[in-house]
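Peer 1: All chains, full assembly: derive it from the sequences and hints.
Protein chains in written order, with the working numbering: chain D, 3 to 200; chain P, 43 to 238.
Please note that a few of the clues may not be correct.
With a Cα cut of at most 30 Å, we get these calculated DSS-like pairs of lysine-lysine [said to hold, decoys possible]:
no., chain 1, residue 1, chain 2, residue 2
1, P, 192, P, 178
2, P, 219, D, 98
3, P, 81, D, 98
From chain D, some residues computed to sit far from chain P (all C-beta separations above 10 Å) [stated by the list, open to error]:
no., residue
4, 49
5, 76
6, 84
7, 125
8, 160
Which residues of chain P face chain D? A few of them, derived with a C-beta cut under 7 Å, are [said to hold, decoys possible]:
no., residue
9, 52
10, 53
11, 57
12, 59
13, 75
14, 76
15, 166
Note that these hints are calculated values from the structure, not bench results. Backbone N, C-alpha and C fix where the C-beta goes; we use that ideal spot for every residue, glycine too.
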Amino acid sequence: MSGYGHEFNKGIWLENPVFKMALGLCPALAVTNSVINGVAMGLASTFVLVCSNTVVATLRNVIPSKVRIPSFIIVIASFVTIVDLTMNAYAHQMHKTLGLFIPLIVVNCLILGRSEAFASRHPILRSIVDGLGMGVGFTLALAVIGAAREILGNGTLLGYHVMGSDYTDMLVMILPPGAFLAMGVLLGIFNAIDRVRS
Amino acid sequence: MMKGIGRLILVLAVICAGAAFALSLVFAVTKEPIAYQKKLEVIRSLQAVLPGLAIDPDRDFIDVPREEGEALRIFRSPSDDGIAGVAFEVIAPDGYSGNIYIMMGVFPDGTLGGIEILSHAETPGLGSLITEEEWKSIFKGRSLANTNFKVKKDGGDIDQITGATISPRAIAGAVEKGLRWFEANRDTVLAAGEGA
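Peer 2: Below is the structure:
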């Protein structure tokens, strides 16, 4: 059994939720039309992931396996609602932008997946680190997709113009099809990097 | 067997109770800020469509019943001699994707103080340019008397946006309808009387 470092790092590259396990693709495709939206969604998901992993790991010996899925869903849905209300109150503009996709974090299979596959079988601290690593990996993935789409589709990065005045925006990249294009090309690139390294 | 089921029910009930407790706490804490943000949003849109006029959205309004649909909330800016301007929401149902919600401000003489896009789902980068100040501002000072509320492509006076004609057309139509409604209901809308 390796240490906490591995538990954290695996989420970032080796088992990256989006690029390696292809989990949580709905938010990864839907809200990544800019870096800032991607990062905000990633952070919201990370919060839910860490909190639900903590609670699930704490209760792992109490919850009978027959009702574990409903129990996990209740825990996850509660934290998602907490994020939803908190963002609505203190990050109103971002809440409006992400809109429907905040409540939809409930059905992000990444979060239920980590509860089921990891937190329900590991001690609390290890589960927290796992949640953090996966969350950071998810946020990074969304930021990368968001950056690619924002640069190509809008000529900006974090709102600053980076492509020069001659650049014609590839509008399709910030429209829904652009999400699939960016995702597919990035997946290919990361797989190629892996192949070269091994 | 019964004992097993009892345990399942108990565990689920306890988890639900815990979740409900946590949520009620968060709800209690965030209720005020959320209401405040919503109010702030209304105030911002009112200031955009009736620049310089003071309106308290909690007090300065009347609800005017319409032939169809629910009553329309009219925000009214009070002044010494009646009403200085009114603002109300119109919906453009024929946008490129989904309804466009518009707040429009009208002075008692029927000229527009301005429009504000409250929410829309138009194409980013094309139709979404309707939210740019530059485009919205072309509505300022227009009225049924001095403007043909059609986009230039349709022979009217409203600038379309390159690559996006449908969204401006929808908005121009909705604003025109709003102005006609205002003219038809002018007496009710401007009538004295307390709102709330």
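Peer 1: It remains to establish, for every hint, whether it holds in the given structure.
Peer 2: These are the hints, each one checked on the structure:
no.	hint	in the structure
1	192/P - 178/P	holds, 15 Å
2	219/P - 98/D	holds, 28 Å
3	81/P - 98/D	holds, 14 Å
4	49	holds, 13 Å
5	76	violated, 5 Å
6	84	violated, 5 Å
7	125	holds, 20 Å
8	160	holds, 16 Å
9	52	violated, 10 Å
10	53	holds, 6 Å
11	57	holds, 5 Å
12	59	violated, 10 Å
13	75	holds, 4 Å
14	76	holds, 5 Å
15	166	holds, 5 Å
Violation of the numbered hints given earlier is confined to hints 5, 6, 9, 12; the remaining hints are satisfied by the structure.
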